[in-house]
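Protein chains in written order, with the numbering used here: chain A, 177 to 473; chain B, 804 to 1125.
Mixed in with the good hints there might be a few duds.
Heads up, simulated DMTMM-like pairs for lysine to aspartate or glutamate below, C-alpha to C-alpha not over 25 Å straight-line [as the list claims (entries may be wrong)]:
#, chain 1, residue 1, chain 2, residue 2
1, B, K1015, B, D953
2, B, K1001, A, D207
3, A, K461, A, E300
4, B, K930, A, E292
5, B, K832, A, D444
6, B, K891, A, D207
7, B, K930, A, E300
8, B, K832, B, D1074
9, B, K1118, B, E957
10, B, K891, A, D444
11, B, K1084, A, E292
12, B, K1118, B, D1074
Derived from the structure by calculation, the hints contain no laboratory data. Remember, it's a predicted structure, so these values are computed and weren't measured experimentally.
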Amino acid sequence: MSLFAFLGTLEIGLIYGLVALGVYLTFRILDFPDLTVDGSFPMGGAVAATAIVAGINPWLATILATLAGSCCGLITAFLAVRCGILHLLASILTMIAAFSINIRIMGRPNMALLGEPTIFTPFESLGFNQLHVHLGIVFLLVLLSAVFIIRLLSSDFGLGLRATGVNDRMVAAQGGNIGFYTYFGLALSNGFVGFAGALFAQSNSFADVTSGVGTIVVGLAAVILGQTLLSSSKIWVSVVAVIVGSILYRLAVAFALSSGMFGMQASDLNLITAVLVAIALVIPKMKAKLRVKSLRF
Amino acid sequence: MKGLKGITLFCVVMLLLMSAANTFAQTYKVAVSQIVEHPALDATRQGLLDGLKAKGFEDGKNLEFTYQTAQGNPAIAVQIAKQFVGEKPDVLVGIATPTAQALAASTRTIPVIFTAVTDPLSAKLVKNLTHPEGNVTGLSDLSPVAQHFDLMQELVPDLKVIGVVYNPGEANAVSQIELLKKSAKAKNIQIVEATALKSSDVQGAARIIASKVQVMYALVDNTIATAIDALVGVANQAKIPVVGGSTSFVASGAVAALGFDYYQVGVQTADYVEAVLQGKKISEIPVSFAKGSDLFLNLKAAEALGISLPDAMVKRATNLKK
């Protein structure tokens, strides 16, 4: 793999690390299987692209995109908490609705940002290498997001949020508002995903409604991959782990892309990616088993 | 800082070595990124490969032809773009809109040739069709929608209602629908739309509108191209003809199709790649529209539906399926 491809992979891995953070919040912390992300990711891109083309400041456009993602989460929470729809179905409803809304937002299925100002352009115009600028800014933003999540989950409020996922009856008995925690958690989670969508669109100069397909799969793979490799009950380790998991997933895709020399053809990509991720998941377990065996003898 | 210097030095040495190897062997590297695999886009790629061979660039001899497909996922398209740019090929080729955009966003220096992109202006691949200002130029496959309209009127003389199934998520399809509506408005003909987000939705969408329309128009849409058999099947049950924008649809049972042979689009793309390999500047290579619309007719399908094709149309046809 070339340095350029490696840095590019790192950047996409970090952007999807934000998606993984969102998925970690819903699946792991809130215990709420949320598929809304397939809709909130392209929505972030759509809102950011539309706002930027309309002449709005790229940073403001990114904030709007984050809020749009949060709105998706709030709708899912409303359907689940208020209307009593099963959480999985509630999120599917928001996800499919978001597809139509995204086309409405952009007025078409694909919106290009080539040549438009983005959050990266002021730094690019200073003469830095484009890829370094993108990677640097994305890294800083992901770092800030991770610190924010760690601080939040470590607070008293975060304790309530975590408890909601573990034992919601206990939270209710202690006078906590489960509904509020669900609304907040889903809004925060999808806000991160919308933020990721906005970064993806600006970094790659296009927003496309089809870019949401399989976001949940990538996010889940990242969470499970990261937590299997770096398992710990410490919050900060878990948060770092899901971001690392996202980068590893992208590295797996990158290796699958360069596997042409083994007689693989282009359409084998998904299979190779799946096999690589499966291997990454199995190895730690095998190691643990071997350790147990060697202890026994 | 020392490490950074080492890396830079290493890169420079590698680059020098690579460029030295290039001048000795004169092997050209062409990297092709395709959004999804289906017959029309695959034909474009094959046409490109064969077109380059005809020009003396043969894969395995003096040409290194790498190819990846994003399997329909724009995030993968972006990763492919990064991978390709890192390999520093002589030319990058993007087949269809999102792949071309991903390539264009990843490099400002390596020439990018797009093909099978319907509207390069709204995709912002170029700002100026005659003098592309950046490192991007290519071939548009804008479908001759107005001609399709005339063809449908010729086939169904008292045409009042046209049915269209398309994917609203595809930029290419939406551009065509807009053109179709413009033609329809001018001629006071009604367009009945049904949308299908996935190829598995095409059959259901077609069923909903089949009984209300006189002809089914299959525009050039990746989703429809994948499920053309389902669309034709529904139209046959409803006893209405299918008129298509891609000639490959005729083999699946469409009565008539007027469009490019995507293999030829690929061959025409080879001209662009050749020009770049010969050192021509991108700004001197204007964007062009794919040439050569062929009329394919399916006599068997027409007979089964009890439609008699006008003689003039049969004479014009470049290919008759009996």
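Here is how each hint holds up against the structure:
no., hint, verdict
1, B:K1015 / B:D953, "holds (20 Å)"
2, B:K1001 / A:D207, "violated (30 Å)"
3, A:K461 / A:E300, "violated (45 Å)"
4, B:K930 / A:E292, "holds (12 Å)"
5, B:K832 / A:D444, "holds (22 Å)"
6, B:K891 / A:D207, "violated (45 Å)"
7, B:K930 / A:E300, "holds (21 Å)"
8, B:K832 / B:D1074, "holds (15 Å)"
9, B:K1118 / B:E957, "holds (14 Å)"
10, B:K891 / A:D444, "holds (23 Å)"
11, B:K1084 / A:E292, "holds (24 Å)"
12, B:K1118 / B:D1074, "violated (31 Å)"
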